[in-house]
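Trainee: Just so you know, the sequences run in chain order S and X.
Take any residue in the first sequence, count from 1 to its spot, add 136: that is its number in the numbering used here.
Take any residue in the second sequence, count from 1 to its spot, add 365: that is its number in the numbering used here.
Please note that a few of the clues may not be correct.
No more than 20 Å apart at the CA atoms, straight line, and that leaves these computed lysine to aspartate or glutamate pairs for DMTMM-like [to be verified]:
1) 383(X) <-> 396(X)
2) 444(X) <-> 458(X)
3) 588(X) <-> 396(X)
4) 444(X) <-> 528(X)
5) 360(S) <-> 458(X)
6) 593(X) <-> 458(X)
7) 363(S) <-> 484(X)
8) 363(S) <-> 458(X)
9) 459(X) <-> 306(S)
10) 429(X) <-> 361(S)
11) 477(X) <-> 230(S)
12) 544(X) <-> 528(X)
13) 403(X) <-> 382(X)
14) 487(X) <-> 505(X)
15) 485(X) <-> 306(S)
16) 417(S) <-> 528(X)
17) 360(S) <-> 492(X)
18) 454(X) <-> 155(S)
19) 403(X) <-> 528(X)
Think of the hints as simulated: they come from the structure by calculation, not from any bench.
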Amino acid sequence: MTILHDLIEPGFFSSSVIDTALIIGCLTAVVSAATGTFTVLRSQSFTGHALSDIGATGGAAAYLAGVPTIYGFVVVNLVAGTFLEALGIKNRKERDIVTGVVLGAALGLTALFLYFDTTTTSASGDTMNLLFGSILTIQSSLVGVFIGLSVISVALLAVYYRQLLLSSLDPDLLQAKNRSPRAASLAFLLALALAVSMSAIAIGAILSTALLIGPAAAATRLAKDMKSTFVYACLMGAASIFLGLLLSYDSYTWPPFHHGWPVSFFVVAIIFVIYLLTLLKPEAKTRHGNAVI
Amino acid sequence: MTRDIFIEDPNIILNLEKITVFRSGRPILKDVDLKIEKGEFYGLIGANGVGKTTLLKVILGLVKPDGGRVRLGVGTGGKRPVLGYVPQKIQFDKDIPLRAKDLVKLGLDGHKFGVGLFDKTKWKTVEEILTAVGASEFADARVGELSGGQQQKIMIAHGLIADPEILLLDEPLANLDLKSQQEVIGLVNQLKTERGIAILFSAHDMNPLTNVMDKVIYIANGKTAAGKVSEIINSETLSDLYGYPIDVLEHNNRLIVLTGSETEGLHHEVINAR
Numbered sequence: 137m138t139i140l141h142d143l144i145e146p147g148f149f150s151s152s153v154i155d156t157a158l159i160i161g162c163l164t165a166v167v168s169a170a171t172g173t174f175t176v177l178r179s180q181s182f183t184g185h186a187l188s189d190i191g192a193t194g195g196a197a198a199y200l201a202g203v204p205t206i207y208g209f210v211v212v213n214l215v216a217g218t219f220l221e222a223l224g225i226k227n228r229k230e231r232d233i234v235t236g237v238v239l240g241a242a243l244g245l246t247a248l249f250l251y252f253d254t255t256t257t258s259a260s261g262d263t264m265n266l267l268f269g270s271i272l273t274i275q276s277s278l279v280g281v282f283i284g285l286s287v288i289s290v291a292l293l294a295v296y297y298r299q300l301l302l303s304s305l306d307p308d309l310l311q312a313k314n315r316s317p318r319a320a321s322l323a324f325l326l327a328l329a330l331a332v333s334m335s336a337i338a339i340g341a342i343l344s345t346a347l348l349i350g351p352a353a354a355a356t357r358l359a360k361d362m363k364s365t366f367v368y369a370c371l372m373g374a375a376s377i378f379l380g381l382l383l384s385y386d387s388y389t390w391p392p393f394h395h396g397w398p399v400s401f402f403v404v405a406i407i408f409v410i411y412l413l414t415l416l417k418p419e420a421k422t423r424h425g426n427a428v429i
Numbered sequence: 366m367t368r369d370i371f372i373e374d375p376n377i378i379l380n381l382e383k384i385t386v387f388r389s390g391r392p393i394l395k396d397v398d399l400k401i402e403k404g405e406f407y408g409l410i411g412a413n414g415v416g417k418t419t420l421l422k423v424i425l426g427l428v429k430p431d432g433g434r435v436r437l438g439v440g441t442g443g444k445r446p447v448l449g450y451v452p453q454k455i456q457f458d459k460d461i462p463l464r465a466k467d468l469v470k471l472g473l474d475g476h477k478f479g480v481g482l483f484d485k486t487k488w489k490t491v492e493e494i495l496t497a498v499g500a501s502e503f504a505d506a507r508v509g510e511l512s513g514g515q516q517q518k519i520m521i522a523h524g525l526i527a528d529p530e531i532l533l534l535d536e537p538l539a540n541l542d543l544k545s546q547q548e549v550i551g552l553v554n555q556l557k558t559e560r561g562i563a564i565l566f567s568a569h570d571m572n573p574l575t576n577v578m579d580k581v582i583y584i585a586n587g588k589t590a591a592g593k594v595s596e597i598i599n600s601e602t603l604s605d606l607y608g609y610p611i612d613v614l615e616h617n618n619r620l621i622v623l624t625g626s627e628t629e630g631l632h633h634e635v636i637n638a639r
């Protein structure tokens with residue numbers, strides 16, 4: 137008990153802020169794991185990262201409008217996801233270029249909104265929260281919204297599960313079965329839009345890709361089939377959220393500032409360590425040694 | 366995609382009429398006619414880039430032809446015949462968390478909605494198909510960890526599990542060693558004889574196929590020639606098609622196709638093959 141007491145600062149489990157953060161964080165970890173697995177399979181990490189940065193425009197606008205940032209992220213990401221899907225029909229190279237251009241423009245808008253926000257309300261903490269997450273400042277009344285978003289995105293993936301799997305190997309395989317791959321592809325991008333929105337709140341717009349890709353990439357290295365990939369990715373994501381919150385809570389007593397380190401730093405660092413550990417797994421003998429990710 | 370049904374001859378499972386496809390204003394396929402009978406092994410031969418994949422995609426409805434029409438015959442029970450498709454080699458990343466048997470099952474239900482959790486009978490079908498193609502021993506391995514020949518068997522099982530009446534295979538011998546090539550050819554020929562499946566098998570080199578094909582369609586220089594192996598694989602027809610001398614030898618009842626002795630012709634063949 138004393139060791140546990142040294143590890144966990146008193147009050148961790150009795151704090152309502154931590155309770156809310158744990159619920160939001162674990163929901164986000166589960167949705168990120170499910171969406172991230174398909175993001176890795178479909179090699180769309182860049183789209184995922186772009187969406188979370190583009191979504192920051194909505195988050196910044198939400199600050200200006202005085203509504204919870206999650207709404208801003210969700211609206212802008214859903215629009216951007218649909219737009220990118222419409223582009224993706226043509227070809228991957230073109231999609232990457234247009235994504236990059238849109239991303240740049242969106243970040244410009246984000247900068248403008250944040251500038252207005254900080255000059256009019258002098259709340260410079262907003263910028264920090266937007267970019268690096270606000271899991272410890274989120275109102276508990278938003279838990280319901282997060283549950284709703286989780287259910288929708290997991291349902292989208294579940295409905296299109298087999299079509300997503302087949303079309304990520306080769307869209308023609310699905311098309312040859314008289315089923316257009318476009319519906320599945322759109323469903324995936326909408327689920328991705330919701331996942332990165334949640335993740336942007338949990339660990340920040342610029343870090344959300346870590347929670348999306350990291351656990352899923354580590355899980356695909358270890359797991360043999362999709363079911364265990366989801367389970368591993370969920371566990372790794374949730375563990376990194378839990379440990380990240382714990383360490384952040386503990387760090388209020390740490391030198392040099394006794395000020396508390398950001399949660400998102402710990403979460404991302406833990407995910408990175410987990411991923412590095414999976415690299416220790418011996419390579420299976422294969423004749424097709426493709427690079428990882 | 367709805368298609369007309371070909372009813373003139375109940376033995377015909379697939380009928381192409383004057384299929385023409387343009388790409389950037391240039392015809393890749395021009396007036397291609399093809400009739401495939403039930404249970405027939407048809408070779409689709411031509412150099413890389415000549416339009417073999419495009420022709421297969423036209424048949425599957427993945428590419429809309431600029432001219433001509435595709436008609437499927439009447440399948441068993443008067444229904445539309447099922448098409449099985451084995452695409453050109455997919456580069457499977459070795460970290461894809463998909464076992465060989467998962468990929469085969471997607472051939473049965475990959476177009477369906479939902480997760481498909483309770484599929485006991487489907488898994489039984491998967492097992493049967495894996496046994497039929499001789500792939501049971503690596504059913505639980507990840508697809509990315511299999512050899513090229515093993516992956517090809519799994520893809521054939523993927524195409525086969527929907528119980529097709531015609532199986533389209535796009536360059537299944539590419540990048541395989543000679544032994545794996547023979548295994549794949551033997552397997553496909555066995556599917557033809559035991560299950561009566563019509564086969565359309567594309568390849569850039571006809572030599573491994575000369576003694577299993579019933580008929581062959583050649584595409585070269587924008588021209589096509591189709592018919593029985595004996596009618597097409599002879600020095601005269603092939604030389605005429607390619608526009609340079611080609612020899613056909615017979616050895617142990619097998620036909621072997623060689624480019625002619627003229628160095629110019631040989632050079633041409635090498636360029637075409639790329």
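Trainee: Quickly compare the C-alpha distance for residue 487(X) and residue 505(X) to 20 Å and report which way the hint goes.
Mentor: Status holds; Cα separation ~16 Å.
Trainee: Is the straight-line distance between the alpha-carbon of residue 459(X) and that of residue 306(S) 20 Å or less?
Mentor: Holds, at roughly 15 Å.
Trainee: Do the alpha carbons of residue 429(X) and residue 361(S) lie within 20 Å of each other, as the hint requires?
Mentor: 36 Å, violated
Trainee: Compare the distance between the alpha carbons of residue 588(X) and residue 396(X) with 20 Å, and conclude whether the hinted pair is satisfied.
Mentor: Measuring from Cα to Cα gives roughly 9 Å; hence the hint holds.
Trainee: Is it true that the CA of residue 485(X) sits at most 20 Å from the CA of residue 306(S)?
Mentor: 26 Å, violated
Trainee: Is residue 403(X) close enough to residue 382(X), meaning Cα to Cα at most 20 Å?
Mentor: 18 Å, holds
Trainee: Under the criterion that the straight-line Cα-Cα distance not exceed 20 Å, is the pair residue 383(X), residue 396(X) satisfied?
Mentor: 4 Å, holds
Trainee: Going straight from one Cα to the other, do residue 477(X) and residue 230(S) come out at no more than 20 Å?
Mentor: 30 Å, violated
Trainee: Would you mind confirming whether the straight-line C-alpha gap from residue 593(X) to residue 458(X) stays at or under 20 Å?
Mentor: The given pair, whose Cα atoms are some 40 Å apart, is violated under the 20 Å limit.
Trainee: Taking 20 Å as the top limit, are the C-alpha atoms of residue 360(S) and residue 492(X) close enough?
Mentor: Judged against 20 Å, a Cα distance of about 18 Å means the pair holds.
Trainee: Need the status of pair residue 363(S), residue 484(X): alpha-carbon distance at most 20 Å?
Mentor: Satisfied, since the Cα-Cα distance of roughly 15 Å is no more than 20 Å.
Trainee: Please work out if residue 363(S) and residue 458(X) have their alpha carbons no farther apart than 20 Å.
Mentor: 18 Å, holds
When each numbered hint is compared with the structure, violations occur for hints 2, 6, 10, 11, 12, 15, 16, 18.
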